[in-house]
Amino acid sequence: MDQHLSSDSQGSASSTQPAPWIYINGYPGVGKLTIAKELCSLIEGSRLVSNHLTIDLSAALCSRDSIQYRPLRKALRDVQFKFAIEAPPETTWIFTDSSSEESGTSLEYQAAASARGSRFISIILSCQVDENLNRITGPGRGGELNTKLTDIEILCQIRETEGIFRFHNEEEKELDVIYLTASEAARQIFDHVYPMKLG
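The numbers in our numbering rise by one with no breaks, and the one at position 1 of the sequence shown is 129.
Think of the hints as simulated: they come from the structure by calculation, not from any bench. Think of the CB as a built atom: it goes at the ideal place given N, C-alpha and C, for glycine as much as any other residue. Check each hint, because a few of them may be wrong.
[To be verified] Computed beta-carbon distance windows for the label pairs:
1. PHE211 to PHE295: 21 to 29 Å
2. GLU172 to THR265: 34 to 42 Å
3. GLU230 to ASP279: 17 to 25 Å
4. GLN145 to THR265: 36 to 44 Å
[Stated by the list, open to error] With a Cα cut of at most 25 Å, we get these calculated BS3-like pairs of lysine-lysine:
5. LYS210 to LYS165
6. LYS165 to LYS276
7. LYS165 to LYS301
8. LYS202 to LYS165
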């Protein structure tokens, strides 16, 4: 059976509302991008934007401890949001992020979805600490060309001092991915976004 589902089968993007805006948040290394790629393959016409696109470009342009770094990242997010807001209404947007309770970044994504008129669906990915530590040191993560976190001590500090941002609304879903494959997690997210399209 074809796992790539058409916009008709999704019931997306009617004339009155653009397609959903899916926001996948979680600690570094839980598998956000891998799962988001699987989800993107399930939703025809979807586009995936990783938070590391802005992080990597910002880090290439200036030092991460520079006073210019955070304003630059916000400016790049704003460019992404403007493009996504003005994109064809049938496009489903999937964004990944690692935003803490103290950060206002999550609210920027929600505001952009509201400006577009899309349903904003927050997905929180989680897993146990030991598994999280294993994942950030796994093969293929990090390297010269990206800024993905691979430092165990930093991850432990983040988990001890920073909670993941939550919207606490009906559209939000938290998913423990420790025993799920990426494709299984993506399917659960899909079924949450399109609850009438199960099976």
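**Holds or violated: LYS210 to LYS165, with C-alpha atoms at most 25 Å apart** = Since the Cα atoms of LYS210 and LYS165 sit roughly 22 Å apart, the hinted pair holds (cutoff 25 Å).
**Message:** LYS165 and LYS276 were given as a pair; does the straight-line alpha-carbon distance stay at or below 25 Å?
**Reply:** Holds, because 17 Å separates the two Cα atoms, which is no more than 25 Å.
**Prompt:** Within a Cα-Cα threshold of 25 Å, do LYS202 and LYS165 meet the stated pairing?
**Reply:** The hint holds at about 24 Å.
**Request:** Just tell me: holds or violated, for the beta carbon distance of PHE211 and PHE295 against 21 to 29 Å?
**Result:** holds, 23 Å
**Prompt:** In this structure, is the beta-carbon distance linking GLU172 and THR265 contained in 34 to 42 Å?
**Reply:** The hint (34 to 42 Å, Cβ to Cβ) holds, given that GLU172 and THR265 are roughly 35 Å apart.
**Message:** Given the hint of 36 to 44 Å, is the C-beta distance from GLN145 to THR265 inside that range or not?
**Reply:** Given a distance of about 42 Å, which is inside 36 to 44 Å, the answer is holds.
**Message:** Quick check: does the Cβ-Cβ distance between GLU230 and ASP279 fall within 17 to 25 Å?
**Reply:** holds, 20 Å
**Asked** Holds or violated: LYS165 with LYS301, Cα cutoff 25 Å?
**Response** holds, 18 Å
Taken one by one, the earlier hints all hold for this structure without exception.
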